[in-house]
Structure formats: structure tokens, C-alpha cells
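Whenever a hint applies, use it, and build me the whole structure from the sequences.
Taken in sequence, the protein lines are chains A and B. Here the numbering used here = 1-based position in the first sequence + 382. Here the numbering used here = 1-based position in the second sequence + 3.
Hint data in this document are derived by calculation from the structure and do not stem from the laboratory. These figures come from a predicted structure and were not determined experimentally. Treat each hint with caution, since some may be false.
[To be verified] Okay, the calculated beta carbon distance ranges per label pair:
(1) B:TRP117 x A:LYS449: 28 to 34 Å
(2) B:LEU113 x A:GLY672: 33 to 39 Å
(3) B:THR90 x A:ARG469: 41 to 47 Å
(4) A:PRO684 x B:VAL100: 42 to 48 Å
(5) B:PRO290 x A:ASP448: 54 to 60 Å
[To be verified] Derived SDA-like pairs: lysine to any residue, alpha-carbon spacing no greater than 25 Å straight-line:
(6) A:LYS743 x B:TYR299
(7) A:LYS658 x A:TYR508
(8) A:LYS743 x B:VAL289
(9) A:LYS732 x A:GLY722
(10) A:LYS440 x A:LEU656
(11) A:LYS617 x B:THR134
(12) A:LYS445 x A:ARG466
(13) A:LYS573 x B:LEU113
(14) A:LYS634 x A:HIS704
(15) A:LYS453 x B:LEU113
(16) A:LYS732 x A:LEU491
(17) A:LYS573 x B:ILE12
Backbone N, C-alpha and C define an ideal beta-carbon position, used for all residues, glycine too.
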Amino acid sequence: MNKAVFAQRFKAFASSFLLASCVVTGTAMAEEPLKLGFIYVSPIGDAGWTYQHDLGRKAIEEKFGDKIQVKYVESVPEGAEAERVTREMAAGGNKLIFGTSFGFMNPMLKVAKTFPETHFEHATGYKTEANLGNYNARFYEGRYLSGIVAGSMTKSNTLGYVAAFPIPEVVMGINAFTRGAQTVNPNIEVKVVWVNSWFDPGREREAAVALMDQGADVVTHHTDSTAVVVAAEEKGKYAIAYHSDMSKYGPKAQLTAVTHHWEKFYTDQVQQVLDKTWKPTSIWGGVKEGMINLAPLNAAVPKEVADKVEQAKAALAAGSLHPFAGPVVDQDGKETVAAGSTITDEVLAKMDYYVKGVQGKLPK
Amino acid sequence: MQDAWLWLILSLDATLRVATPLIFAALAGLFSERSGVVDIGLEGKMLVGAFTAATVAAVSDSVWLGLLMALLASVGFALLHGFACITHRGNQVVSGVAINILASGLTVVLGLAWFHQGGSTPPLTQHQRFTAIDLPFAQQLADVPVLGLFYSELLSGHNILVYLALALVPLSWWLLYRTRFGLRLRAVGENPKAVDTAGISVAGLRYRAVIIAGVLCGFAGAYLSTAQNAQFIRDMTAGQGFMALAALIFAKWRPWPILLACLLFGFLDAVAVRLQGVSLPGIGLVPVQLIEALPYILTVILLAGFIGKANPPKAIGLPYVKDR
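What follows is the structure, given as C-alpha cells:
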């Protein structure tokens with residue numbers, strides 16, 4: 383074979399090889415899945431805050447299949463560890479990262495500034511950045527509805543509330559629960575025990591028992607474990623669960639549960655990133671958006687109570703009812719929202735007082 | 004007055020529940036450390052016990068089988084500690100820490116693999132758990148002034164492991180101070196050479212001590228997951244093994260003071276929950292922040308001001324090397 387023919391054939395082979403390589407690489411690049419990550423503050427378990435977010439993760443895996451590649455890390459402590467995990471996720475090529483705890487806000491903000499090409503979404507926070515959005519649910523709407531149930535079912539006129547930390551989200555839940563209960567029974571008192579932890583089953587249980595010993599015959603919680611429902615079941619009292627339906631832990635005790643649903647939000651966010659239309663937003667969805675709901679009511683709840691809850695739910699969705707429509711009066715009798723007006727989201731997000739009917743002093 | 008008495012009784016009732024795992028674990032540490040083996044691994048053995056008890060109870064439908072397997076699992080980890088420290092004369096603190104890390108990781112990995120619930124076990128039903136036992140005539144005597152409340156609320160209505168923990172304190176005292184085994188055990192922690200000279204196996208005694216410690220940690224763990232709670236949750240011991248260790252040192256390695264130390268820690272924890280929203284005579288409502296800080300403040304004051312120097316067994320932490 384002479385040199386000219388060899389050179390010609392070699393060029394043809396080389397160019398076709400290069401062309402094939404480009405096609406293969408291009409196809410591979412085009413089909414490379416979107417990598418995204420979830421950072422959870424507590425174990426997933428089979429009920430609770432993190433479990434509900436994980437249902438959202440499963441929903442996006444089901445919907446998008448091979449188009450996405452999802453990674454998650456559970457039980458990440460708030461603070462320095464959260465920053466490390468977020469940084470590792472971003473460095474690992476995850477282009478959309480969800481952080482699902484209030485205490486992840488500053489760590490995520492810090493990392494977001496270092497990785498401008500990565501999209502970050504933070505649950506329950508209030509800070510945004512060019513590549514950091516936040517999202518939350520109007521838990522207080524569900525609390526208000528559950529308050530109607532609790533107020534209807536109590537015989538002692540004392541309700542118990544096991545609370546994690548005195549932050550606005552928790553405080554507005556206590557207040558909404560109280561106001562919901564007072565629509566049925568104005569004489570109701572709500573006793574609160576702070577456990578200073580999102581997840582401490584032993585302490586949550588002791589707090590619930592303490593409240594029941596103090597006369598509460600319906601207890602609820604703003605913590606992550608099922609301990610309060612279990613304690614109520616043992617003591618023959620009622621409970622209203624939070625985050626997830628926990629009826630299997632307390633089939634007789636659980637009257638209902640305030641549940642939150644993230645599936646639609648998560649699928650929307652992933653779709654936006656895939657479509658390259660994602661923008662940082664502050665989303666605060668409630669009953670209307672399907673983010674907040676109540677678990678099926680216990681058979682012990684009378685039909686007229688169930689009807690009342692349904693009416694209130696429909697009114698919340700329609701916007702004709704607001705749990706903090708004036709007049710709202712605090713513990714000291716001071717009017718915080720005037721009659722005929724409704725609290726604004728800005729004021730609500732900074733709520734730092736108990737409404738009339740809540741016992742004890744709010745830690746500040 | 005009646006309200007104050009009720010509050011006190013209910014707080015003491017909670018104290019017993021909270022103190023139970025501490026009593027088991029501190030007694031475990033007592034036997035191990037009195038024999039000269041440092042037991043930092045109380046936490047890990049409790050965790051293994053808790054996981055095993057809940058797992059077996061959930062799968063077999065028997066809380067008693069769960070308890071038995073918890074004891075065996077905890078003893079297994081205790082023997083691992085013994086093998087490292089007694090047979091191979093390894094560093095006892097390092098071995099204890101390794102056991103804690105191993106237990107923390109292993110329980111989560113196995114929990115995830117078997118139950119797919121984030122490292123937790125499935126929730127336990129009432130018959131898969133240790134439930135409250137009502138003592139005879141508790142209901143009938145409830146209305147009797149003062150003593151009725153004491154009997155029906157404080158003494159009655161606990162599960163069997165609470166009563167066992169309380170019974171083990173005098174039993175441990177008797178075993179340590181009134182039996183030949185106890186004398187030898189204390190001697191091996193003070194002067195192993197003298198024990199060896201008397202023709203008694205130092206390693207044998209220390210192994211027996213760590214086995215007893217394993218059994219007691221198994222009880223503590225089983226209590227957490229099948230009595231106090233209704234499932235195993237990852238890292239559910241939450242530092243109670245270290246609290247028990249503090250109680251042990253606080254009590255100067257003696258059984259009755261261990262009971263008092265654990266009850267004190269339990270009471271402070273119970274009060275932190277039960278003082279919230281309670282108006283105290285002459286004081287009014289106590290701020291939650293102060294209530295939360297109270298256990299720590301009192302612990303520091305008590306440790307610093309009232310117990311004096313804690314002298315551990317003289318041979319603690321020292322591997323025994325037999326003279327040739």
C-alpha cells in the first residue's frame with residue numbers, strides 16, 4: 383500500500399472516529415441526568431417532618447425517572463455540619479439542592495454564594511439570593527383546623543401542646559391552634575411545654591405525660607417523633623399528630639393529623655431547572671395550594687364537627703377565612719390585630735407573642 | 004397544698020421513669036470499673052440493646068424474647084470490650100469509644116437494611132412492649148389522702164423494668180459487699196497482683212464483671228426502646244450512657260449513692276419539663292430558660308461543692324500483666 387493511499391485511508395478513519403466520538407459524547411452530554419440533593423435534619427423514619435419531604439423526593443424520582451439522579455443525606459445537624467454537607471453536595475455536581483430545616487438557612491446562603499451555578503431551595507427560611515429560593519407551608523392553617531377538632535373533643539377545656547423551639551413558625555402554630563379551638567369553646571386554655579429539640583422522643587413523651595397530668599385531655603406537638611401520640615394512646619387521651627398521619631401509633635388516640643405535602647412543589651422546581659426557567663422565589667403555600675391538609679378524622683369525632691372542619695377548610699382555600707383575622711388579642715389583653723383587618727404575612731412571620739387563652743410566658 | 008403534693012408526686016413519678024436507664028447503666032459501670040475496667044462503652048452497649056430488643060420484639064411479637072436477645076447482644080459487645088482490654092491489654096478508653104462508634108453506625112446500617120425506615124425499627128404495638136403494671140388496690144386507695152396518691156401514682160403504674168432497676172440496687176450492694184465474689188471483684192480493681200497471688204484469675208474476674216455490665220446495659224437499652232418508647236430510633240440513647248458514667252463518678256463507685264445520683268439527674272430532667280407554666284408560691288412563673296438550665300447548674304454546684312474528691316479504684320484502666 384503506497385503512502386498516499388495509507389494517508390487518505392488514515393484521514394478517513396480518523397475523521398470518522400472523531401465524528402463518532404463527538405456524536406457519542408454529545409448524546410451522552412444531552413442525556414446526562416440532572417443531579418439533585420436533599421438534606422434532611424432528622425431520620426426519615428415512617429412518619430414526621432423528614433418523612434413528608436422524602437415522599438416529595440420519591441414523587442420526583444417517579445415522575446422524572448432517568449432524567450434525574452437524586453442523592454439525600456439524613457440526620458444532618460444544623461450549623462457547621464449542615465454547611466459541610468451542602469458544600470459537598472454542590473461540589474459533587476448536584477445542580478439543585480433542597481435543605482429542609484430552618485437552621486440550614488445561613489449555611490446554605492454561605493455555600494450558595496460560592497456555587498453560583500447551583501440552584502438552592504431552603505425550607506422554612508426567609509433569606510434569598512440570586513441562586514437561593516425558599517419555600518414554606520402555612521402550617522398554621524392546619525393548626526387552626528385541628529384546633530376546631532380539639533376544642534370540640536375536650537371535656538376538661540385544657541389542651542396540651544409539646545413545642546420544640548420558640549421561633550415564629552412554632553408560635554403561630556400554637557396561636558392558630560388556640561384560636562381554632564376557641565371558635566368552638568371560648569373557655570379553652572392551652573398549656574405549652576418547650577422541649578428545646580426537634581427530635582427527642584423521650585423528652586417529648588415526658589412533656590406529653592406532664593401536660594396530661596396537668597389536665598390536658600387532648601395533646602398535640604410541634605416536634606418530629608411519634609412519642610406524643612404514643613403517650614396519649616397509653617394514657618387513654620386524645621392527640622393531634624403533626625407532619626404525618628400517625629394513627630398506627632395511636633389508633634384510638636389520634637383525632638387527626640396536620641399533614642404537609644411537598645410533592646407538587648418539588649416536581650415543579652425540578653421541571654423548572656430542566657426547562658432552564660428556574661428563578662429564586664419565596665413560596666408560602668397552604669390549604670389552597672394543597673400543601674396543608676388534615677388526615678382522616680377519627681371515628682370518635684362527631685359528624686357535625688367534621689362538617690364544621692370541612693366548612694372552615696373550604697373557607698381557608700377560598701380566602702374568606704384567615705386564622706388571624708382581627709380582632710386578635712394577646713395574653714395581656716392588648717389588641718395586636720384590629721377588628722376588620724387581617725394580619726400581614728410580614729407580621730405573621732415575626733410572631734412573638736401568645737394569644738389570649740395560652741397559658742405561661744413565651745420564652746424570649 | 005394538695006396541688007403542690009400532687010405536683011411533687013407526679014414529678015417523682017416522672018423521675019423514676021427517666022432515671023431507670025441511668026440506674027441500669029450506672030450499675031453496669033459500677034461492676035466493670037470496680038473490677039478495674041474503664042467502661043466508656045456504656046452508651047454503645049445500651050444502643051445495641053435498644054436496637055436488638057425493638058427489632059426482635061417487632062419481628063417475633065414477643066417483648067420477652069426481645070429482652071433476652073438484647074441482653075445477649077449487649078453481652079456480646081461487652082465481651083468484645085473485654086477481649087480487647089483484658090485478653091489483649093488494649094487501651095480501655097479507646098476500646099470503649101470504638102464500641103460506641105461501632106454501635107452507633109451498626110444499628111443504623113442494620114435498621115436501614117432490614118426495615119427501610121431511616122434506621123428506625125417499626126412501631127411496636129402494646130403487646131410488643133413492657134406496659135404499666137398496676138399494683139394491688141392502687142385504684143381503690145387513690146382517694147386516700149397523701150398516702151393514697153403516693154401509692155397509686157408514684158409506686159404503682161410503672162413497667163416491670165422500673166421495678167427491676169430499683170431492686171438491682173440493693174442486690175448489687177449485697178453482691179459487692181456481702182459475698183466472696185464481691186470482695187474479689189473489689190480487690191481486683193484495687194490490687195490485682197494480690198488477687199493473682201491468692202491464686203484467683205484476674206482475667207476471669209474481670210470478664211465476669213464486664214459480662215454483668217453487658218447484661219445491665221442490655222436492660223437499659225431494652226427499657227429505652229420497648230418500655231419508655233415504642234420503637235428504636237437511631238442514637239436514641241442521646242448521651243445517657245455518659246450521664247450514667249457521671250452518676251457513677253458522682254456516687255464514688257458505690258451502689259446506694261448511684262441510686263441517689265441517678266434519681267437526682269432524673270428529677271432535674273423531669274422538673275425541667277414539669278415546672279413550665281407552673282406558678283411557684285412567692286416566685287410566680289419561672290422563666291423556661293432558667294428551668295432548662297437548672298439541671299446543668301445544679302449538677303455543677305453539686306459536683307463542685309458537695310461530693311469532694313472522687314477516688315476511683317486504684318487499678319482502674321491498667322491492664323494486668325502477670326509476672327513471670
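**Asked** Are the Cα atoms of LYS617 of chain A and THR134 of chain B separated by 25 Å or less?
**Response** holds, 11 Å
**Prompt:** How does the Cβ-Cβ distance of PRO684 of chain A and VAL100 of chain B compare with 42 to 48 Å: does it lie in that range?
**Reply:** Given about 57 Å between the Cβ atoms, the range is violated.
**Request:** Mind checking the alpha carbons of LYS658 of chain A and TYR508 of chain A for me, to see if they're no more than 25 Å apart?
**Result:** holds, 24 Å
**Asked** In this structure, is the beta-carbon distance linking LEU113 of chain B and GLY672 of chain A contained in 33 to 39 Å?
**Response** holds, 37 Å
**Consistency of beta-carbon spacing, ASP448 of chain A to PRO290 of chain B, with hint 54 to 60 Å** = Given range 54 to 60 Å: holds, Cβ gap about 56 Å.
**Asked** Keeping to a limit of 25 Å between CA atoms, is the pair of LYS453 of chain A and LEU113 of chain B held or broken?
**Response** holds, 20 Å
**Message:** The hint says 41 to 47 Å between THR90 of chain B and ARG469 of chain A; measuring C-beta to C-beta, is that right?
**Reply:** holds, 44 Å
**Asked** Do the alpha carbons of LYS573 of chain A and ILE12 of chain B lie within 25 Å of each other, as the hint requires?
**Response** holds, 20 Å
**Request:** Decide if the proposed pair is consistent with the structure: LYS743 of chain A and TYR299 of chain B, CA atoms, cutoff 25 Å inclusive.
**Result:** Distance of about 22 Å is within 25 Å: holds.
**Request:** With 28 to 34 Å as the target window, see if TRP117 of chain B and LYS449 of chain A comply at their CB atoms.
**Result:** holds, 31 Å
**Prompt:** When you check the alpha-carbon spacing of LYS445 of chain A and ARG466 of chain A, does it fall within 25 Å?
**Reply:** Measuring from Cα to Cα gives roughly 30 Å; hence the hint is violated.
**Prompt:** Regarding the pair LYS732 of chain A and LEU491 of chain A, is the alpha-carbon distance no greater than 25 Å?
**Reply:** holds, 20 Å
Checked against the numbered hints given earlier, this structure breaks hints 4, 12, 13 and 14; the rest are met.
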